[in-house]
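*Asks:* From just these sequences and the hints, can you work out the full model?
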Amino acid sequence: MATDDGQNLLEPGDDPRKNARFLLFLSATIKAVDIYAPILRASASNSGNDHRLGANEAPPAIISVFLGDQLTEIMEALAAGKPVPGRAGENMEIGVSTLPKLPMDMTDRNRTSPFAFTGNKFEFRMVASSQSIAGPNIVLNTAVAEILDEFATRLEKAPDVNAEIKKITKETYQKHGRVVFNGNGYSNEWLVEAEKRGLANIPATVYAIPEYMSDSSVAIFEKHKVLSRAEVESRVSIYMEQYSMSINVEAGVMIDMADKLIFPAGSEYAAVLAQSINALKSAGSKVTPVAQLEILDDVVNALNCLKEESDKLKDALEAVNAMEDEHAQAVAFKEKVFPRMAVLRSCGDDLEPMLGRDYWPMPTYEDLLFRM
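Per the numbering used here, the very first residue in the sequence shown carries number 1006; after that it's consecutive.
It should be emphasised that the hints constitute simulated quantities derived from the structure, not laboratory data.
Some hints could be false.
[As the list claims (entries may be wrong)] Listed below are the simulated DSSO-like cross-link pairs for lysine-lysine, each with C-alpha atoms no more than 30 Å apart in a straight line:
| no. | residue 1 | residue 2 |
| --- | --- | --- |
| 1 | Lys1087 | Lys1175 |
| 2 | Lys1126 | Lys1230 |
| 3 | Lys1175 | Lys1162 |
*Replies:* Shown next, in the form of structure tokens:
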């Protein structure tokens, strides 16, 4: 966040004036993220990101702010009206003129935080790689602008600006410090703690996108002349349609892969095993081919699973595509189609290690990593 002439508004600095400004913009960002967490979550939502959030070194779906231990300690001390400990061990008097410069080596290492302060900037890490950053930036800038407008109104009426900044900082962290979390965002303890703090946990895109239409969300978009209610509604409609189309296409591709690639390959391998077993018997082998029989049974069971789940996914897809209500359809894709896709995938995953290398019709992870 910077001015039009390049001054970083989130640079702590070592000058009293800069410190005051830093505290103000830091507080505004914390408050904005806490109050408008649902639309921030919505801005980072799509079908692909539903797979990513909460795993693979991606942040969880719960919006929280990482400040780091040192800055958190400073903000907690300011909020509590206690002396702020200095880096050399001495205590400094509370006030905007005593905030120490944060060293750059305090840069965040917590990859489980969706919104992290990293020395002189915030990183919004929840956004999907396939997304344009325009949408999340619009939401974030509008939310912070709303809080800054509130702060500016107070400061313009204040006889002592520095004293008012101190008061704003204290009040803001007391009310909105709940959104600050420096721990492991993947832990079950955080899920429990986040619920205690009253933080929203919106697990999927179809539940997040409607947050754009909340009264508070529409109000700030209209107030700052960013979007009208009609424009917000149109975007929500488009986002829900995009979600439905993505799941619909992915489910169709999955069915084609199961029916036209994996099932024929598995059937061919099962036939080879059966021929091998019969050949051994015809040759007069006195040893029962237990290994081949067990593998054959496993392959046939996996093929049955694949066919059964492929048919169930087709039925679910047909039923959901027949729905006319856009919102209800998107929710149905999430709740009825998406789970069936996961089960069908598990059948394919079970079958893959059973088949010989020459029979599996697609590159394996080993092929992709080491043989391409």
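*Asks:* Taking the hints in turn, state whether each one holds.
*Replies:* A quick look at each hint next to the structure:
Between the alpha carbons of Lys1087 and Lys1175 the distance comes to roughly 11 Å, so the proposed pair stays at or under 30 Å and holds. The suggested pairing of Lys1126 with Lys1230 holds, with an alpha-carbon distance near 26 Å, which does not exceed 30 Å. Pair hint Lys1175 plus Lys1162 holds up; C-alpha atoms about 18 Å apart against a cutoff of 30 Å.
Of the numbered hints stated above, none is contradicted by the structure.
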